[in-house]
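Mind docking chain D on chain F? Use the hints.
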Amino acid sequence: MDRKSARFASTTADELINRLVNDLEPVKPLRLAVGLCLVFGALLASATGVGLMLGLRPDIPAGRLAPHLVLESGLFLLLGLSAAANVVRMSRPHVGSDYGGSNWAMAMTALLPVSALVMGLGRGAIGLSPMDMRSGINCLGSGVLWGSLTLTALIMWLRRGAPVRPHYAALLSGVAAGSLGMFAYSLHCPSNDVVHIGLWHSGAVALSALIARLVVPPLIRW
Amino acid sequence: MTPDETSLAQLAIMAQRGDKEAYAALLHECQRWMKSYLGRRIARHDLDDLVQETLFALHQKLATYDSTRAFVPWLAAIARYRWAGHLRQVYRARKHSGGTDVISHNDESAMMARISLNSLFAQLPAPQAQAIELVKIEGLSIAEAACASGQSEALVKINIHRGLKKLSAMIERA
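One line per chain: the protein sequences are F and D, in this order. Heads up, the first sequence stops at 222 in the working numbering, and the numbers go up one at a time, no gaps. Heads up, the second sequence stops at 1174 in the working numbering, and the numbers go up one at a time, no gaps.
Possibly wrong hints are sitting among the right ones.
As the list claims (entries may be wrong) - In silico DSBU-like pairs for lysine-lysine, Cα to Cα no more than 35 Å straight-line: (1) F/LYS28 <-> D/LYS1020; (2) D/LYS1166 <-> D/LYS1035; (3) D/LYS1035 <-> F/LYS28; (4) D/LYS1035 <-> D/LYS1165; (5) D/LYS1157 <-> D/LYS1035; (6) D/LYS1020 <-> D/LYS1035; (7) D/LYS1166 <-> F/LYS28; (8) F/LYS28 <-> D/LYS1157.
If you're looking for bench data, these hints aren't it; they were derived computationally from the structure. On a predicted model such as this, the values are computed, not experimentally measured, just so you know.
Chain D with its partners taken away, still in its complex shape:
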């Protein structure tokens, strides 16, 4: 059974106090959550690396979790930050997996929808989202992406550059 937002927040507070058992439970839940959250927006072979990087970022920045606020939006901001950084770095990737974007929790579905990566992607102009999707996630070359999208190669490059810049600026946007 997946813990709810309140349980995750409680585990995080206990982890901040040094409770290793709670921290292990928290990290395992976060790992599951991130695999689901990032799975659809990253090439499968990069997913484990990105999840590990995000777990490590969580570990480094545990003190920045504010116990008076929800836990998942904090985790999502860190995951988005690492994801956007990863997209900037990766030029070649294989086909993405078909995982779900968010864990489905009835009572939290509204919040999860607001923080999903799909909602972030949807805020990009279509040509920019398509260029990033084809090159950074599906791993096509610039020339192949240009053929697939009907954009010129120069435009694909410009759209990737502008799209990634916009994504970085929207990391905390709900």
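Bound-form chain F, shown alone:
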């Protein structure tokens, strides 16, 4: 029974209640663990896809991880997981819920573009040669693309749930998708340059958030 037929076919609330009662089927309560498994599955698929299709950056198989990689990928992973966990929670509405935790993770990750700006200015220029631009745009697009798996998983989850703040849920979904996509792609991207990471890798998160904010709300509104 859809919403319109339910409303137009009934004239009183009592009649509607009778119809709804007749329509009742047992339902499985929405478990947050299932939503989190979806996110981890998408993350695993992204990271595996990057590893198999593009190859890992050389220092990973060699076991000598660059500090930049640990810092950057750690920040994106934490931001992505924090935002995704909040999105998963938003599927079950409750007056009194607080989703502010991701704001701190976003503030911490914002240190990357700030560092890029400081470093770029310190060098005298941000230094965007045509090659830098090509490489940067490639990273930007790849981060968004690999994050689309997470975004799809979160949209599917939110459609099963009842998000009462669809715009915020959409924005957080985009942040989660961009961050986890960038985490996966950073396993391939060989750059250790702070300016490149701060500008293009963080840009992928911002772009993903913007796209999700514009595209996702109509898909999850109920």
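The following block gives chain D in isolation, referenced to the frame of chain F:
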């Protein structure tokens, strides 16, 4: 006698398992609760429609109730969501009724106060709350609301727009 929070939660758990008798009791109680909850913040002639829409939303999203948490805040979040959507859609409404905002349960009064629509409205800046109240709930035209509030017509429109945006963002705020 109105069931308490624990009974409502129990009925919801039984409804999730497919117990139609419990579900009918739950829906009737929710209907009563919503009439009281929404009654003061909606034009009377829109109340039945909104209650029915919210009941239907409850039916669609029954699986999202988490049995480890209180039932009423879940119901209130759904009611607020539908109410905010309704305010965005409705431009004309008659005078609101003078119903009570919340059911009065001594042992639950603190929780009910936190989730009331009045508390949500109180978090809006006064000019925004007034503009929404006059136009969306009392059904005045923009020009009439401007006269009544002392705001310009443009400001009434801006305040409605900003106020509704804020209300939507505060749906889960206690």
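Verification of the hints:
| no. | hint | result |
| --- | --- | --- |
| 1 | F/LYS28 <-> D/LYS1020 | holds, 16 Å |
| 2 | D/LYS1166 <-> D/LYS1035 | holds, 24 Å |
| 3 | D/LYS1035 <-> F/LYS28 | holds, 28 Å |
| 4 | D/LYS1035 <-> D/LYS1165 | holds, 24 Å |
| 5 | D/LYS1157 <-> D/LYS1035 | holds, 28 Å |
| 6 | D/LYS1020 <-> D/LYS1035 | holds, 22 Å |
| 7 | D/LYS1166 <-> F/LYS28 | holds, 33 Å |
| 8 | F/LYS28 <-> D/LYS1157 | violated, 44 Å |
When each numbered hint is compared with the structure, a violation occurs for hint 8 only.
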